[in-house]
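Line order of the protein sequences matches chains A and B. Residue numbers for the first sequence, in the numbering used here: 1 to 454. Residue numbers for the second sequence, in the numbering used here: 1 to 431.
Hints listed in this document are in silico derivations from the structure and should not be mistaken for laboratory results. Small disclaimer: the values here were computed from a predicted structure and weren't measured. Check the hints yourself; a few may be wrong.
[Stated by the list, open to error] Label pairs and their computed distance ranges (CB to CB):
| # | chain 1 | residue 1 | chain 2 | residue 2 | range |
| --- | --- | --- | --- | --- | --- |
| 1 | A | Lys213 | B | Lys328 | 41 to 47 Å |
| 2 | A | Thr238 | B | Leu311 | 30 to 36 Å |
| 3 | B | Lys328 | A | Ala245 | 36 to 42 Å |
| 4 | B | Pro205 | A | Thr238 | 45 to 51 Å |
| 5 | A | Asp83 | B | Pro28 | 33 to 39 Å |
| 6 | B | Leu345 | A | Met239 | 45 to 51 Å |
| 7 | B | Ser276 | A | Met1 | 51 to 57 Å |
[Stated by the list, open to error] Calculated pairs, DMTMM-like style, for lysine to aspartate or glutamate (alpha carbon to alpha carbon, straight line, at most 25 Å):
| # | chain 1 | residue 1 | chain 2 | residue 2 |
| --- | --- | --- | --- | --- |
| 8 | A | Lys120 | A | Asp29 |
| 9 | B | Lys55 | A | Asp22 |
| 10 | B | Lys323 | A | Glu244 |
| 11 | B | Lys418 | B | Glu303 |
| 12 | B | Lys323 | A | Glu225 |
| 13 | B | Lys301 | A | Asp129 |
| 14 | B | Lys212 | A | Asp22 |
| 15 | B | Lys332 | A | Asp86 |
| 16 | A | Lys206 | A | Glu150 |
| 17 | A | Lys449 | A | Glu381 |
| 18 | B | Lys251 | B | Asp227 |
| 19 | B | Lys55 | A | Glu54 |
| 20 | B | Lys328 | A | Glu54 |
| 21 | A | Lys80 | B | Asp294 |
| 22 | A | Lys127 | B | Glu303 |
| 23 | B | Lys323 | A | Asp247 |
| 24 | A | Lys80 | B | Glu303 |
| 25 | B | Lys301 | A | Asp86 |
| 26 | B | Lys301 | A | Glu38 |
| 27 | B | Lys301 | A | Asp247 |
| 28 | B | Lys332 | A | Glu246 |
| 29 | A | Lys265 | B | Glu207 |
| 30 | A | Lys80 | B | Glu207 |
| 31 | B | Lys331 | A | Glu246 |
| 32 | B | Lys212 | A | Glu225 |
| 33 | A | Lys242 | B | Glu324 |
| 34 | B | Lys212 | A | Glu54 |
| 35 | A | Lys127 | B | Asp294 |
| 36 | A | Lys127 | B | Glu304 |
| 37 | A | Lys127 | B | Glu67 |
| 38 | B | Lys323 | A | Glu8 |
Just so it is clear, CB atoms sit at the ideal spot from N, CA and C, and this is done for glycine as well.
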Amino acid sequence: METIIGFEIHEQLATRTKLYCDSPTNYRDVPPNTNVCEVCTGMPGAKPHPVNQEAIDAVVEIALMLGCEIVKGPIYIQRKHYDYPDLPSGYQRTSLPIGRNGNLNGINIWEVHLEEDPGKYDPTSGKVDYNRSGVPLVEIVTAPDLRSPEEARNFLRELIKILHYTGKARAEGGTMRTDTNISLEGGARVEIKNINSVKGAYKALKFEIARQKSLRKRGAAVRRETRAFLEAQMITKTMRLKEEAEDYRYIPDPDIPPLLITPEKIAEIKAAMPETPGMKERRFVAQYGVKPEDAKVLASELELANAFEEVAKEVDPQFAATWVRDELKRVLVYNDKSFAESGIGTGQVVDLLRMIQAGEITPKTGKKILEILVAKPQPVERIVEEMGLGKIKADDIIEKACEEAVAENPQAVADYLGGKGEALNYVVGQVMRKTRGRADAKTVLEMLKKKVQG
Amino acid sequence: MGGVEGVASYLESIEEGKEVNAFLDLNPRALEEARLAEGKLAGLAIAVKSNISVKGLRAACASFTLENYVAGYDATVVERIRKEGGVVVGMTNMDEFACGSSGETSAFGPTQNPAAPGRIPGGSSSGSAAAVAASLCDAALGSDTGGSIRNPASHCGIVGIKPTYGLVPRYGLIDLAMSLDQIGPMARDVHTAALLLEVIAGPNPKECTTLKVEPPEYSRLLSRKIDGCRIGYAREFEEFTDPRITSVIKKSLDRLERMGAEVVPVTLPNLGKGLSTYYLTVFVEFFSATRKFDGRRYGRKIEEVCGREVLRRILLGRYISQKEYSGKYYKKALQFRSLIKRELLGALEGVDVIAGPTVPKLPHRLGESMDPMAMYGYDVLTVPTNLAGIPAGVIKAGEVDGIPVGLQVQGEPLGEQKILNVLYALEDGGC
Ligand SMILES: [Zn+2]
Numbered sequence: 001m002e003t004i005i006g007f008e009i010h011e012q013l014a015t016r017t018k019l020y021c022d023s024p025t026n027y028r029d030v031p032p033n034t035n036v037c038e039v040c041t042g043m044p045g046a047k048p049h050p051v052n053q054e055a056i057d058a059v060v061e062i063a064l065m066l067g068c069e070i071v072k073g074p075i076y077i078q079r080k081h082y083d084y085p086d087l088p089s090g091y092q093r094t095s096l097p098i099g100r101n102g103n104l105n106g107i108n109i110w111e112v113h114l115e116e117d118p119g120k121y122d123p124t125s126g127k128v129d130y131n132r133s134g135v136p137l138v139e140i141v142t143a144p145d146l147r148s149p150e151e152a153r154n155f156l157r158e159l160i161k162i163l164h165y166t167g168k169a170r171a172e173g174g175t176m177r178t179d180t181n182i183s184l185e186g187g188a189r190v191e192i193k194n195i196n197s198v199k200g201a202y203k204a205l206k207f208e209i210a211r212q213k214s215l216r217k218r219g220a221a222v223r224r225e226t227r228a229f230l231e232a233q234m235i236t237k238t239m240r241l242k243e244e245a246e247d248y249r250y251i252p253d254p255d256i257p258p259l260l261i262t263p264e265k266i267a268e269i270k271a272a273m274p275e276t277p278g279m280k281e282r283r284f285v286a287q288y289g290v291k292p293e294d295a296k297v298l299a300s301e302l303e304l305a306n307a308f309e310e311v312a313k314e315v316d317p318q319f320a321a322t323w324v325r326d327e328l329k330r331v332l333v334y335n336d337k338s339f340a341e342s343g344i345g346t347g348q349v350v351d352l353l354r355m356i357q358a359g360e361i362t363p364k365t366g367k368k369i370l371e372i373l374v375a376k377p378q379p380v381e382r383i384v385e386e387m388g389l390g391k392i393k394a395d396d397i398i399e400k401a402c403e404e405a406v407a408e409n410p411q412a413v414a415d416y417l418g419g420k421g422e423a424l425n426y427v428v429g430q431v432m433r434k435t436r437g438r439a440d441a442k443t444v445l446e447m448l449k450k451k452v453q454g
Numbered sequence: 001m002g003g004v005e006g007v008a009s010y011l012e013s014i015e016e017g018k019e020v021n022a023f024l025d026l027n028p029r030a031l032e033e034a035r036l037a038e039g040k041l042a043g044l045a046i047a048v049k050s051n052i053s054v055k056g057l058r059a060a061c062a063s064f065t066l067e068n069y070v071a072g073y074d075a076t077v078v079e080r081i082r083k084e085g086g087v088v089v090g091m092t093n094m095d096e097f098a099c100g101s102s103g104e105t106s107a108f109g110p111t112q113n114p115a116a117p118g119r120i121p122g123g124s125s126s127g128s129a130a131a132v133a134a135s136l137c138d139a140a141l142g143s144d145t146g147g148s149i150r151n152p153a154s155h156c157g158i159v160g161i162k163p164t165y166g167l168v169p170r171y172g173l174i175d176l177a178m179s180l181d182q183i184g185p186m187a188r189d190v191h192t193a194a195l196l197l198e199v200i201a202g203p204n205p206k207e208c209t210t211l212k213v214e215p216p217e218y219s220r221l222l223s224r225k226i227d228g229c230r231i232g233y234a235r236e237f238e239e240f241t242d243p244r245i246t247s248v249i250k251k252s253l254d255r256l257e258r259m260g261a262e263v264v265p266v267t268l269p270n271l272g273k274g275l276s277t278y279y280l281t282v283f284v285e286f287f288s289a290t291r292k293f294d295g296r297r298y299g300r301k302i303e304e305v306c307g308r309e310v311l312r313r314i315l316l317g318r319y320i321s322q323k324e325y326s327g328k329y330y331k332k333a334l335q336f337r338s339l340i341k342r343e344l345l346g347a348l349e350g351v352d353v354i355a356g357p358t359v360p361k362l363p364h365r366l367g368e369s370m371d372p373m374a375m376y377g378y379d380v381l382t383v384p385t386n387l388a389g390i391p392a393g394v395i396k397a398g399e400v401d402g403i404p405v406g407l408q409v410q411g412e413p414l415g416e417q418k419i420l421n422v423l424y425a426l427e428d429g430g431c
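My request is simple: use the sequences and hints to build the entire structure.
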């Protein structure tokens with residue numbers, strides 16, 4: 001039984017002022033109802049200012065990043081009417097599609113719109129805060145192309161990555177809101193609202209699939225309805241049935257002439273636009289000869305990708321790619337940090353990789369240093385010093401000598417593994433010779449035992 | 001007069017003229033403001049329709065909904081008037097939320113017609129027209145969505161201008177139908193109307209729908225020389241108009257001809273179709289505009305306290321804006337609107353202005369009951385102007401049984417000067 005999932009994703013745009021007035025958008029940093037004016041509180045007689053150009057450009061850029069075509073004709077701003085305390089004028093302004101027919105990792109993007117955020121209503125206190133009212137949002141509507149909660153989760157992560165790449169969406173996080181449509185093959189479509197995170201989307205879908213499956217098992221039909229996701233309980237609950245669906249009575253807003261996005265404007269935005277992760281991946285493969293799977297990991301985070309490119313200027317790109325992808329990324333994931341959050345400087349990575357390449361430290365030591373770097377970014381030199389460079393170097397030299405000696409004396413190793421315990425003493429002697437007696441024979445013996453036994 | 005004494009004397013007249021019921025709120029600081037006034041309008045007493053925001057005064061829209069709503073900011077037009085020294089003396093009565101053509105739908109009682117006692121003053125800018133006609137102010141601001149400045153100007157025998165859509169900022173005007181509303185001047189003479197117009201007109205960068213044109217100094221450019229002026233007149237006007245009114249209008253046209261203008265026939269076959277297009281548009285836009293009056297912020301929920309006409313429009317708007325009807329009604333109305341616009345602009349191509357009657361009927365007696373459709377019929381000659389977005393002006397052409405009859409002069413977009421000049425020529429009283 002196939003699962004059919006589609007999304008409507010809303011994310012705030014990182015503009016300085018609101019969509020239809022000059023009120024600032026930093027609503028989280030100020031007391032309630034202070035970032036407001038007569039426009040965003042819908043005072044009688046107030047009219048929207050001309051649409052915030054920064055917001056229009058941001059939506060065009062996001063649409064282009066998602067591979068959409070930009071609508072050529074006039075784009076009307078519609079009034080969507082509904083009655084709720086957070087909506088000061090009794091309608092929300094939402095544009096007709098600005099971008100259409102995009103695609104992200106094989107998932108079709110139907111439409112990209114520009115919208116305004118309503119205020120924030122607290123039903124418990126009955127109070128409304130209009131600081132958020134009028135903050136611009138991008139709305140992204142996908143085709144019902146997703147087939148599992150896991151796929152849905154990956155898609156949302158990827159989408160957030162793109163929004164982050166553009167720098168046009170709010171970086172604070174927690175401002176994403178998602179509605180999702182879900183149905184089981186042949187069943188009625190259910191809409192779930194109030195999803196505020198990727199994790200929430202995953203949990204809501206998991207719950208909803210289980211609910212719909214169990215209904216079917218019992219021979220009951222799934223109703224076409226809108227359900228709310230209750231994050232605390234990780235369940236969905238009926239909001240309204242299809243018959244109760246609200247009629248928003250859309251009309252083109254008479255106060256706002258339609259938007260017109262010129263080919264010149266599109267060209268200008270395209271020229272200044274960052275690469276999409278996909279474009280970056282392909283370029284990394286072509287330009288640096290990096291393996292495609294490495295390129296994918298490198299491009300997964302803008303800062304990580306930028307760091308890689310910086311590092312690749314200084315050290316061999318393929319060597320850098322392997323290290324950044326395998327080791328740095330592993331340590332980052334283990335610590336649940338993005339590269340940007342870790343605060344590691346590209347210079348530090350360059351220093352580290354150079355020392356490894358020069359044989360000054362072993363890869364194993366390099367990994368240890370990386371772990372320290374992620375925990376507390378600092379000059380690599382200092383770490384090396386604190387760990388005791390002499391000892392590190394000595395250990396590294398002994399280890400290297402052991403490896404060489406094992407490689408050079410396969411017969412002795414074979415004899416040892418065959419049961420002749422004393423055969424290894426010969427190899428110990430070889431290591432002692434290589435290290436000019438600086439190594440401790442006991443240590444060498446232990447190290448060799450480990451090595452040959454794997 | 002003018003200045004402090006002028007304003008003081010108007011305030012006295014307002015007090016004495018209370019039975020006109022032209023004002024709903026008075027500016028307690030009017031005299032103080034008159035003392036400090038400087039500029040083009042220095043010390044001129046301006047009355048403002050109650051749907052235009054004046055900081056500190058009630059913008060009640062003559063409704064219980066906003067009975068106690070005091071505007072927290074000045075409309076752009078009010079800012080401009082103040083900057084030129086104009087003194088807002090008070091807020092005028094009107095049809096509730098500008099829904100009406102008689103002045104009778106006000107929640108605070110109808111306004112009297114000073115020029116035709118016992119009759120309606122017309123609407124919806126009833127109080128503004130009456131205040132001007134009764135000399136309770138130098139000039140007034142009205143708003144015109146389908147004739148709301150011109151209709152009462154005609155019935156009260158004064159000058160009223162409905163500017164080109166977008167010439168005058170709407171910022172601060174409480175909406176009736178956003179795509180049609182325009183603020184305009186009302187005065188006893190053309191010069192004052194022209195002066196007030198040039199002060200309030202001009203682009204507003206904080207609004208999407210104002211035109212990016214700087215208006216000329218209409219008052220300085222006024223000219224009575226109209227020889228060679230081509231004035232269009234449509235026979236279709238007569239199909240809707242009381243013959244006594246037609247005859248007054250024709251006399252005005254004769255006068256214009258004697259002054260050297262040329263009256264030429266134009267045709268407006270779709271003239272009568274404007275009305276349904278207009279009302280469908282108004283219902284839908286008004287429904288949308290009133291959603292903010294939900295009782296959560298401004299005292300009362302509109303549907304619970306408004307009068308019958310306002311409620312009728314909200315309910316009809318709610319009905320025809322339903323998803324299933326939007327294509328059938330509202331979008332059709334928009335299509336018809338472009339047809340009417342094309343027709344009017346086409347007719348204006350061969351002439352300088354089109355002149356004709358303003359209201360097809362004489363104002364009825366106050367309190368006389370009328371069914372809504374007959375009431376809507378008052379607007380048949382004025383709504384096409386708004387649907388086309390063009391300017392029009394009204395001046396008293398004469399009287400029928402002592403009741404004023406106004407001549408309406410319509411022009412091409414931004415053709416205000418031509419219109420004002422024709423009105424100016426008629427005002428002279430010559431020929
Ligand atoms: Zn604001």
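Here is how each hint holds up against the structure:
For the pair A:Lys213 and B:Lys328, the supplied restraint of 41 to 47 Å holds, since their beta-carbon distance comes to about 42 Å. A hinted range of 30 to 36 Å for the beta carbons of A:Thr238 and B:Leu311 is consistent with their spacing of about 34 Å. Between B:Lys328 and A:Ala245 the beta carbon distance is about 20 Å. The supplied range of 36 to 42 Å is therefore violated. Against the hinted window of 45 to 51 Å, the Cβ-Cβ separation of B:Pro205 and A:Thr238 comes to about 48 Å, which satisfies the hint.
Distance hint check for A:Asp83 and B:Pro28: the Cβ-Cβ separation is about 37 Å, which falls inside the suggested range of 33 to 39 Å. Remark: the range hint 45 to 51 Å for B:Leu345 to A:Met239 is upheld by a beta-carbon distance near 50 Å. One distance hint, 51 to 57 Å for the beta-carbon pair B:Ser276 and A:Met1, holds here, with the actual separation near 53 Å. For the proposed pair A:Lys120 and A:Asp29, the alpha carbon gap of about 15 Å is at most 25 Å, so the pair holds.
Proximity of B:Lys55 to A:Asp22 is assessed by CA-CA distance (about 20 Å); at most 25 Å being required, the pair is judged to hold. A C-alpha spacing of about 14 Å is found between B:Lys323 and A:Glu244, which places the hinted pair at or below 25 Å, so the restraint holds. The straight-line distance between the Cα atoms of B:Lys418 and B:Glu303 is roughly 43 Å, outside the 25 Å bound, and the hint therefore fails. Distance check on the hinted pair: B:Lys323 and A:Glu225 sit about 19 Å apart at the alpha-carbon level, within 25 Å; holds.
Under the criterion of a C-alpha separation no larger than 25 Å, the hint pairing B:Lys301 with A:Asp129 is consistent with the structure, at around 21 Å. Annotation: proposed proximity of B:Lys212 to A:Asp22 holds, straight-line Cα distance about 20 Å (limit 25 Å). Simply put, B:Lys332 and A:Asp86 have alpha-carbon atoms about 33 Å apart, too far for the 25 Å limit, and the pair is violated. Taken as a hint, the A:Lys206 and A:Glu150 pair is honoured in the structure, with Cα atoms around 9 Å apart against an allowance of 25 Å.
For a cut-off of 25 Å, the pair hint linking A:Lys449 to A:Glu381 is broken: about 32 Å separates their Cα positions. At roughly 17 Å between alpha-carbon atoms, B:Lys251 and B:Asp227 fall within 25 Å of each other, so this suggested pair holds. Taken as a hint, the B:Lys55 and A:Glu54 pair is broken in the structure, with Cα atoms around 32 Å apart against an allowance of 25 Å. Straight-line distance between C-alpha atoms of B:Lys328 and A:Glu54 comes to about 36 Å, which puts the hinted pair past the 25 Å bound.
The suggested pairing of A:Lys80 with B:Asp294 holds, with an alpha-carbon distance near 16 Å, which does not exceed 25 Å. Only pairs whose Cα atoms come within 25 Å are accepted, and A:Lys127 paired with B:Glu303 is accepted, the gap being roughly 23 Å. At most 25 Å may separate the alpha-carbon atoms for a hinted pair to count; B:Lys323 and A:Asp247 meet this at roughly 6 Å. Under the criterion of a C-alpha separation no larger than 25 Å, the hint pairing A:Lys80 with B:Glu303 is consistent with the structure, at around 20 Å.
Taken as a hint, the B:Lys301 and A:Asp86 pair is honoured in the structure, with Cα atoms around 16 Å apart against an allowance of 25 Å. Between the alpha carbons of B:Lys301 and A:Glu38 the distance comes to roughly 19 Å, so the proposed pair stays at or under 25 Å and holds. Restraint check: the Cα-Cα separation between B:Lys301 and A:Asp247 comes to about 20 Å, which is no more than 25 Å; the hinted pair holds. Proximity of B:Lys332 to A:Glu246 is assessed by CA-CA distance (about 23 Å); at most 25 Å being required, the pair is judged to hold.
Of the pairs offered as hints, the one joining A:Lys265 and B:Glu207 holds, with about 22 Å between alpha carbons and a cut-off of 25 Å not exceeded. At most 25 Å may separate the alpha-carbon atoms for a hinted pair to count; A:Lys80 and B:Glu207 meet this at roughly 21 Å. Distance hint between B:Lys331 and A:Glu246 is fulfilled; the C-alpha atoms sit about 21 Å from each other, no more than 25 Å. A C-alpha spacing of about 48 Å is found between B:Lys212 and A:Glu225, which places the hinted pair above 25 Å, so the restraint is violated.
Straight-line distance between C-alpha atoms of A:Lys242 and B:Glu324 comes to about 16 Å, which keeps the hinted pair within the 25 Å bound. A C-alpha spacing of about 21 Å is found between B:Lys212 and A:Glu54, which places the hinted pair at or below 25 Å, so the restraint holds. A hinted pair counts as satisfied when its Cα atoms are at most 25 Å apart, and A:Lys127 with B:Asp294 qualifies at roughly 15 Å. For the given pair, A:Lys127 sits about 23 Å from B:Glu304 by alpha-carbon distance, which is consistent with the 25 Å threshold.
For the given pair, A:Lys127 sits about 24 Å from B:Glu67 by alpha-carbon distance, which is consistent with the 25 Å threshold. Taken as a hint, the B:Lys323 and A:Glu8 pair is honoured in the structure, with Cα atoms around 21 Å apart against an allowance of 25 Å.
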